[in-house]
Amino acid sequence: ATETTTTTVRANEQPVRLVNFSFINGRSERNRAWDDHEFPITVSRVEDAAGKALEYSHKYGELLILLPEPLAPGASTTLTVKAEGGFLKNFSGDAYLVLGNMSYLPQFSLYETAASFHSVVKVKDPFIPVACGRTVRRWTEGGLNCLESLEEKPVAFPFVIVGDFIATEKQESGYDIRIYSYASAKKRGSKTLIRNGLAVLDFYSNGMEPFPYNELEVIEIPYYRHFFWQAPAGLVEITSEGLSPISGDSSDLNTIIKRYASKGQNSRYAHEIAHQWFGNLISWATPYDNWISESFAEYLSYLFMSEGAKDKGKAKVQLREWETDVKECSELSSIYGASALNGNSSHTQCYTQLLYGKGPYVLHALRHDIGDQNFKKMLYFLTTQAAKKPGMKVITEDIVLFASAVTGKDYHPWFDRYIYGTDVPEKNW
1 ATETTTTTVR ANEQPVRLVN FSFINGRSER NRAWDDHEFP ITVSRVEDAA GKALEYSHKY
61 GELLILLPEP LAPGASTTLT VKAEGGFLKN FSGDAYLVLG NMSYLPQFSL YETAASFHSV
121 VKVKDPFIPV ACGRTVRRWT EGGLNCLESL EEKPVAFPFV IVGDFIATEK QESGYDIRIY
181 SYASAKKRGS KTLIRNGLAV LDFYSNGMEP FPYNELEVIE IPYYRHFFWQ APAGLVEITS
241 EGLSPISGDS SDLNTIIKRY ASKGQNSRYA HEIAHQWFGN LISWATPYDN WISESFAEYL
301 SYLFMSEGAK DKGKAKVQLR EWETDVKECS ELSSIYGASA LNGNSSHTQC YTQLLYGKGP
361 YVLHALRHDI GDQNFKKMLY FLTTQAAKKP GMKVITEDIV LFASAVTGKD YHPWFDRYIY
421 GTDVPEKNW
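The opening position of the sequence shown corresponds to residue 1 in our numbering, with each subsequent residue numbered one higher.
Fair warning: there could be bad hints in the mix.
To be verified - Derived lysine-lysine pairs resembling DSS-like cross-links, with alpha carbons at most 25 Å apart:
1. LYS314 with LYS327
2. LYS153 with LYS312
3. LYS191 with LYS327
4. LYS153 with LYS409
5. LYS377 with LYS316
6. LYS89 with LYS122
7. LYS314 with LYS409
8. LYS316 with LYS389
9. LYS409 with LYS427
10. LYS52 with LYS122
11. LYS376 with LYS427
12. LYS170 with LYS187
13. LYS327 with LYS170
As the list claims (entries may be wrong) - Label-pair ranges, simulated between beta-carbon atoms:
14. THR135 with GLU55: 34 to 44 Å
15. ASN214 with LYS187: 23 to 33 Å
16. SER346 with ARG10: 37 to 47 Å
17. LYS187 with GLY51: 17 to 27 Å
18. ASP176 with TRP139: 37 to 47 Å
19. ASP176 with GLY207: 15 to 25 Å
20. ARG417 with LEU18: 34 to 44 Å
21. LYS124 with VAL317: 37 to 47 Å
22. GLU141 with ALA405: 33 to 43 Å
23. ARG417 with ASP311: 25 to 35 Å
Since the hints were made in silico from the structure, they are not lab data. Given the structure is predicted, the values throughout are model-derived calculations rather than measurements. We treat Cβ as the ideally placed atom computed from N, Cα and C, and that holds for glycine.
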């Protein structure tokens, strides 16, 4: 594919001569070298607003652009980048392609940049395109299935997904939900996901800011892409066990994976939908604040299982798993400091336990410490205030201030012990 991106850059307090964008130079899963030639992305030209070519360097997933003269504080300039290469990821010949979760266009940071997103996608039949945002229109032309979509709210991870899908859709109670699966035999699973998805959306929307996006699109992805689910704005990617009954030879690896991953399947689904609020509507400002996204999403899934789905048995399983995580990981790092463990092969498990185990466990303790009503009030204020300031980045201190505001008590000492520190709160439930 070819890509042309036009970006306006403004200098803040200091003059700017060198502009540093995140921008992939290759998309190999195995080789992340600066000169990755397996699926290279090549910049062919960088120019200013007058069309004059500028000097640049494209290595290590970064695009450095040298401006002719320093950009004075408060001044802006427009930069156009032209590139080509294999932008769409394909996995082992699977009928599935994805554009997302990587810096596939020049931006300041994959985590820090958020912007509105408008896409027009045309793919050969029988493939179907799916993208972040409200569906403006779908049509066919010359053997192509086409989609135009628009997301006016700032999003950090705009996705485009293409697959040989069968779509199942339902509109109910103001929600529009679609399931994209690979085979018609999964129609029953699609209906279950629609029913459960509507229940989750309704439960969250009645205690927080109403569902912040126009549509929820749930997309089946292959196991060998990655063994986890994720949730860009308005989308939820699930692996195949969400749509298929569990069967097959117990010695088969895929069957083992299905059985393992299906434990708490509804809570995982509720966790990913919760990211539409914590992760997309409310984004984190630094890697150390990422716990806000994962721990709140996990705790919201617990609240849904215990109160919305009324499956207290599964909710108790979640709580027991968190207690195990707390015992195994608390001495190594704080929840706030867990980001430093990410990517460290010997501590990856503890990173996961801190964000998905101890984090929600501490939120459970906080809820019982401040009271049910105050906790729900905090969730409501957090999400409604974020909706008033699209693209707002949240830091841990903001959570402390909201907890203090709804209770009239200073919660800094509490957070110092259990979020910034490694202490474990005593059971108060």
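Given the proposed pairing of LYS409 with LYS427, does the C-alpha separation stay at or below 25 Å?
Since the Cα atoms of LYS409 and LYS427 sit roughly 20 Å apart, the hinted pair holds (cutoff 25 Å).
Going straight from one Cα to the other, do LYS153 and LYS312 come out at no more than 25 Å?
Roughly 36 Å between the alpha carbons, so the hint for LYS153 and LYS312 is violated.
Would the pair LYS377 and LYS316 pass a check requiring their Cα atoms to be no farther apart than 25 Å?
holds, 24 Å
Given the proposed pairing of LYS89 with LYS122, does the C-alpha separation stay at or below 25 Å?
Given pair LYS89, LYS122 holds - Cα atoms ~16 Å apart, limit 25 Å.
Range hint 23 to 33 Å: satisfied by the CB atoms of ASN214 and LYS187?
holds, 24 Å
Keeping to a limit of 25 Å between CA atoms, is the pair of LYS314 and LYS327 held or broken?
With a Cα-Cα distance of about 20 Å, the restraint between LYS314 and LYS327 holds, given a limit of 25 Å.
Given a hint of 25 to 35 Å, does the C-beta separation of ARG417 and ASP311 actually sit inside it?
holds, 32 Å
Does the Cβ distance between LYS187 and GLY51 fall inside 17 to 27 Å?
With a Cβ separation near 53 Å, LYS187 and GLY51 fall outside 17 to 27 Å, so the hint is violated.
Holds or violated: LYS314 to LYS409, with C-alpha atoms at most 25 Å apart
Answer violated: LYS314 to LYS409 is near 33 Å, above 25 Å.
Outcome for the supplied range 37 to 47 Å, where the beta carbon pair is ASP176 and TRP139:
violated, 18 Å
In this structure, is the beta-carbon distance linking GLU141 and ALA405 contained in 33 to 43 Å?
violated, 54 Å
Is the gap between the beta carbons of ARG417 and LEU18 within 34 to 44 Å?
holds, 43 Å
Checked against the numbered hints given earlier, this structure breaks hints 2, 3, 4, 7, 8, 10, 13, 17, 18 and 22; the rest are met.
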